[in-house]
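Enquirer: Okay, here's what each chain looks like letter by letter:
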Amino acid sequence: MQREDFDIGAEIAAFRRADPGIGAIASFIGLVRDVNDGDTVAGMTLEHYPGMTEKALAGIVAEAKARWDIVDALVIHRVGELKPLDQIVLVVVTGAHRRDAFAACEFIMDYLKTQAPFWKKEQTAQGARWVEARASDDQAAERWNKV
Amino acid sequence: MNIRILYFARLREEMGIAQEMLDLPENCDVKSLRARLVARGGTSAAAFGQGKAVRVSVNQDLARDDTPVTAGDEVAFFPPVTGG
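Same order as they appear, the protein sequences are chains A and B. Note that our numbering has the first sequence beginning at 20, numbered continuously upward. Note that our numbering has the second sequence beginning at 277, numbered continuously upward.
Since the hints were made in silico from the structure, they are not lab data. C-beta: ideal position from N, C-alpha, C; glycine also. Take every hint as true, because none was put in to throw you off.
Taking lysine-lysine pairs in the BS3-like style, the calculated list, with each CA pair at most 25 Å apart, reads:
id	chain 1	residue 1	chain 2	residue 2
1	A	K74	B	K307
2	A	K165	A	K84
3	A	K140	A	K102
4	A	K140	B	K328
5	B	K307	B	K328
6	A	K74	A	K84
The following label-pair restraints were derived from C-beta to C-beta distances:
id	chain 1	residue 1	chain 2	residue 2	range
7	B	I293	A	E151	19 to 29 Å
8	A	A29	B	V314	41 to 51 Å
9	B	R340	A	P103	31 to 41 Å
10	A	D88	B	D299	42 to 52 Å
11	A	A43	B	E302	45 to 55 Å
12	B	E302	A	D24	40 to 50 Å
13	A	Q158	B	G317	30 to 40 Å
14	B	T346	A	R36	37 to 47 Å
15	B	A322	A	Q158	27 to 37 Å
16	B	G317	A	F25	43 to 53 Å
17	B	A322	A	P69	25 to 35 Å
18	A	A37	B	A322	52 to 62 Å
All chains, please: the whole structure from these sequences, using the hints.
Expert: Next up, the structure:
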């Protein structure tokens with residue numbers, strides 16, 4: 020968790036640790052959009068539950084490492100005030116081969132969106148409002164139960 | 277027994293507080309704790325009322341209605357999460 024922005028290239032370079040056993044890196048970057056549910060979004064505030072956030076993300080990464088043959092996984096999530104175009108979240112998964120790295124990266128994002136204690140409050144022309152959870156995110160996370 | 281209750285996001289705004297200490301009888305679970313909060317009336321009843329989607333954690337792990345609550349626990353209530 021951090022308030023500051025992150026540099027994707029620098030984060031990935033550091034996370035690889037020049038390990039020659041890594042043959043694949045899958046990454047995901049989540050960004051702030053300027054529209055949601057048909058309304059223009061001027062910015063958002065990201066709140067989290069300090070302590071539980073770290074515990075939840077560590078648990079999700081541990082679960083990914085247990086399910087797939089990957090080397091490691093990194094999650095950086097920003098909190099505080101964010102504007103459209105800003106980066107919100109970075110997930111990086113390193114592994115020997117792409118298949119497990121892709122799957123683990125998607126799994127981590129699906130679980131993060133449904134289990135990690137973050138909440139978005141967005142500012143629109145109609146005022147500030149809490150973003151509602153989406154059923155499609157729950158369905159995306161549930162499909163991993165069948166794997 | 278005493279427990280600490282934390283509120284986040286919409287729940288924190290509706291309750292008007294970020295946390296409180298509560299004295300509970302022994303052998304409580306999440307469901308009975310919620311019932312006590314609703315029974316207090318006022319902002320508690322409104323925030324935890326019928327049809328409100330409220331998630332809960334006990335000691336920073338996601339919990340369910342039948343999760344036990346014991347002395348010294350940290351219980352948090354919050355809306356469904358929307359990170360990422």
